[in-house]
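Heads up: take any position in the sequence shown, counting from 1, add 230, and you land on our numbering.
Misleading hints may appear alongside valid ones.
[Said to hold, decoys possible] Cβ pair distances, simulated, as ranges:
hint	residue 1	residue 2	range
1	Cys700	Pro430	52 to 62 Å
2	Glu714	Asn480	24 to 34 Å
3	Glu714	Asp564	15 to 25 Å
4	Asn482	Gly271	49 to 59 Å
5	Met371	Arg455	26 to 36 Å
6	Gln519	Lys704	35 to 45 Å
7	His376	Lys704	21 to 31 Å
8	Ala326	Phe680	24 to 34 Å
[Stated by the list, open to error] Dumping the calculated EDC-like pairs for lysine to aspartate or glutamate here, alpha-carbon to alpha-carbon at most 20 Å:
hint	residue 1	residue 2
9	Lys649	Glu679
10	Lys613	Asp576
11	Lys431	Glu420
12	Lys357	Asp398
13	Lys613	Glu578
14	Lys709	Glu679
15	Lys709	Glu650
16	Lys303	Asp593
17	Lys357	Glu375
18	Lys649	Asp354
19	Lys303	Asp576
20	Lys649	Glu375
21	Lys431	Asp398
22	Lys303	Asp258
23	Lys613	Glu477
24	Lys668	Asp689
25	Lys651	Glu353
26	Lys303	Asp564
27	Lys613	Asp572
28	Lys704	Glu650
29	Lys704	Glu679
30	Lys649	Asp340
31	Lys357	Glu345
32	Lys303	Glu618
33	Lys704	Asp664
34	Lys303	Glu345
35	Lys651	Glu345
36	Lys651	Asp354
37	Lys303	Asp554
38	Lys303	Asp444
39	Lys357	Glu679
40	Lys709	Asp664
Everything labelled a hint here was simulated from the structure, so no lab data went into it.
As the structure is a computational prediction, the values presented were derived from the model and not from experiment.
For every residue, glycine included, the Cβ atom is placed at its ideal position computed from N, Cα and C.
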Amino acid sequence: MTSCLPSRPLPAAEQVTIPKTPIDTSDDRFEQLSLPPAMLGNLHQLGYLRMTPIQAASLPLTLAGHDLIAQAKTGSGKTAAFALTLLARLNPRRFAVQALVLCPTRELADQVTQEIRRLARSEDNIKVLSLVGGSTMRPQMASLEHGAHIVVGTPGRIMDHLQRESLDLSTLGILILDEADRMLDMGFREAIAYVARRCPKSRQTLLFSATYPDSIRQMSRQFLRQPKEIRLLETHTAETLRQRFYEVSNENRLGSVTRLLNHYRPTSTLAFCNTRQQCHDLLALLRRQGFEALALHGELEQRDRDQVMVQFANRSCSVLVATDVAARGLDITDLECVINVDVTPDPEVYIHRIGRTGRAGRDGWALSLASPNQMPRVAQIAKQAGVEVNWYPLDELDRPTSERLLPPMITVQILGGRKEKIRAGDILGALTGDGGFKANQIGHINITEFTTYVAVARDIAPAVAHVLNCGTVKGRSVKARILEVSDPVTVRPKAIERLREKETHKANTRTPFNNRSAARTPHGSRGMDRTSGHAANHPSTRASGKHPEKGPKAR
231 MTSCLPSRPL PAAEQVTIPK TPIDTSDDRF EQLSLPPAML GNLHQLGYLR MTPIQAASLP
291 LTLAGHDLIA QAKTGSGKTA AFALTLLARL NPRRFAVQAL VLCPTRELAD QVTQEIRRLA
351 RSEDNIKVLS LVGGSTMRPQ MASLEHGAHI VVGTPGRIMD HLQRESLDLS TLGILILDEA
411 DRMLDMGFRE AIAYVARRCP KSRQTLLFSA TYPDSIRQMS RQFLRQPKEI RLLETHTAET
471 LRQRFYEVSN ENRLGSVTRL LNHYRPTSTL AFCNTRQQCH DLLALLRRQG FEALALHGEL
531 EQRDRDQVMV QFANRSCSVL VATDVAARGL DITDLECVIN VDVTPDPEVY IHRIGRTGRA
591 GRDGWALSLA SPNQMPRVAQ IAKQAGVEVN WYPLDELDRP TSERLLPPMI TVQILGGRKE
651 KIRAGDILGA LTGDGGFKAN QIGHINITEF TTYVAVARDI APAVAHVLNC GTVKGRSVKA
711 RILEVSDPVT VRPKAIERLR EKETHKANTR TPFNNRSAAR TPHGSRGMDR TSGHAANHPS
771 TRASGKHPEK GPKAR
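Model the full assembly from the supplied sequences, consistent with the hints where possible.
The structure is reproduced here in structure tokens:
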């Protein structure tokens with residue numbers, strides 16, 4: 231595979247606007263693109279038969295070597311759009327970093343890494359490396375010493391590696407900024423600029439964003455060369471995404487969430503809270519009432535976060551309670567419902583939240599709880615996002631039922647992963663062969679470096695764990711256990727109390743404005759951003775004064 235970057239200057243920037251109505255065209259098949267036959271065959275095996283609108287509009291431009299600014303809603307297929315471009319430009323025989331993808335969060339970086347690996351199956355020995363915060367630097371540096379073709383990471387961690395000179399971008403051919411608007415919101419402007427300066431000037435740059443604020447235009451002028459512009463105006467339709475608003479008091483807000491769940495009974499629900507404390511409180515309430523619920527927020531360790539995401543994606547958890555750190559980049563198949571426990575003050579955040587459901591033509595619910603003092607926020611959302619606000623009374627909801635809302639699957643954890651050369655086919659063969667289970671009883675199989683997670687039907691989970699512990703996988707004995715929903719340490723009473731004491735102490739001893747130099751971050755003078763691995767003392771963090779979840783720093 232050779233580079234497609236043109237040697238002559240690019241033409242003046244052009245803008246392509248895709249209307250809301252579906253495009254009726256005969257050339258939306260991947261065969262129309264200049265992709266290798268092996269890659270096309272892999273696309274068919276993965277079920278990619280026709281391009282989505284953003285793929286059909288962007289791929290001909292990016293494969294021709296143009297820089298690109300693309301605005302498209304979440305779930306539009308943009309990951310495959312830029313992944314196919316960087317894979318087509320890759321030279322597998324050149325074992326050096328040729329492509330870099332920057333993502334705002336660890337969760338999105340991990341999902342992008344997995345998707346690129348799936349799309350790269352047609353080529354042998356394509357190494358995709360994820361560099362994100364929340365894990366130690368030494369293993370990442372060791373992996374970099376062994377080489378990689380593609381790096382996916384968060385701006386802070388990539389910046390750390392560049393400063394340590396453990397990452398070399400001199401051979402880079404393509405730079406991709408995914409969810410660029412979110413990265414700017416999180417204060418990564420200077421980190422992105424630092425990374426871009428370390429990339430060759432002749433690179434191709436692709437910028438993808440769900441929104442198109444002025445900051446994106448400024449970034450494009452700084453980092454892109456005469457880019458093409460694509461603005462996908464396609465939005466969620468009322469037929470696929472049904473939005474309902476309920477008026478509640480602050481006192482019965484959390485209890486109203488359980489009423490919504492018992493009434494609509496969705497298989498999988500993402501419940502958004504504005505604060506971590508509200509996450510803790512709602513999670514505790516849901517578990518007391520028998521719901522299989524987990525929480526995702528910035529306080530979790532990386533291992534706990536990974537297990538939470540695996541269990542929710544495997545449909546072995548009914549409710550995921552999350553702060554807005556999870557609002558962008560989550561790619562959960564068939565997510566049936568999004569609940570806004572609190573109305574966000576930012577209309578764009580509302581759009582990103584509800585964009586998790588009703589994707590790819592599937593049906594979804596977006597249910598919002600608003601107290602009287604939040605009515606101005608609802609009005610602003612309706613005005614800016616073009617949302618028709620439909621109010622429904624809570625009294626019409628069904629009363630609680632004795633029948634528990636249980637997820638259809640349970641996750642089994644196996645000690646052993648990519649390091650042991652375990653493949654999904656090995657697990658499936660062991661369970662459907664010697665185990666005697668049916669293939670439709672086995673769900674998603676997620677393989678990490680050292681661990682494998684298998685989703686199985688709820689009624690066979692104990693038997694699956696027994697078969698794996700007593701049998702072999704690839705001729706080797708393995709250890710397996712059922713991963714209970716309560717296993718990840720998402721509610722830690724002592725930790726919560728310490729956090730409350732720390733916040734109270736901080737509020738009582740705020741550093742005066744003229745003595746800021748003595749102030750320390752919440753995690754120490756050299757704390758790390760637990761959302762993305764961005765160092766707290768990096769210029770981008772200091773300049774913005776923001777934390778992904780905490781908002782502006784107290785002065």
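Is the Cα-Cα distance between Lys303 and Glu618 20 Å or less?
18 Å, holds
Is the Cα-Cα distance between Lys613 and Asp572 20 Å or less?
18 Å, holds
For the pair we were handed, Lys357 and Glu679, check the Cα-Cα distance against 20 Å.
13 Å, holds
For the pair we were handed, Lys303 and Asp258, check the Cα-Cα distance against 20 Å.
19 Å, holds
When you take the CB atoms of Cys700 and Pro430, is the distance between them in 52 to 62 Å?
55 Å, holds
Please verify whether Lys613 and Asp576 have alpha carbons no more than 20 Å apart.
This hinted pair holds, its Cα atoms lying about 12 Å apart.
Please verify whether Lys649 and Asp354 have alpha carbons no more than 20 Å apart.
Holds, because 17 Å separates the two Cα atoms, which is no more than 20 Å.
Could you see if the CB distance from His376 to Lys704 stays within 21 to 31 Å?
23 Å, holds
Restraint status (C-alpha distance of Lys431 to Glu420 at most 20 Å)
Distance of about 18 Å is within 20 Å: holds.
Checking one constraint from the list: CA of Lys704 to CA of Asp664, max 20 Å. Satisfied?
At roughly 12 Å apart (the allowed maximum being 20 Å), Asp664 and Lys704 satisfy the hint.
Just to be sure I understand the hint, the distance between the Cβ atoms of Met371 and Arg455 should be within 26 to 36 Å; is that true here?
The hint (26 to 36 Å, Cβ to Cβ) holds, given that Met371 and Arg455 are roughly 32 Å apart.
Against the 20 Å threshold, does the CA-CA distance of Lys709 and Asp664 hold or violate the hint?
Within the cut-off at roughly 16 Å; holds.
When the structure is compared with the earlier hints, no violation turns up for any of them.
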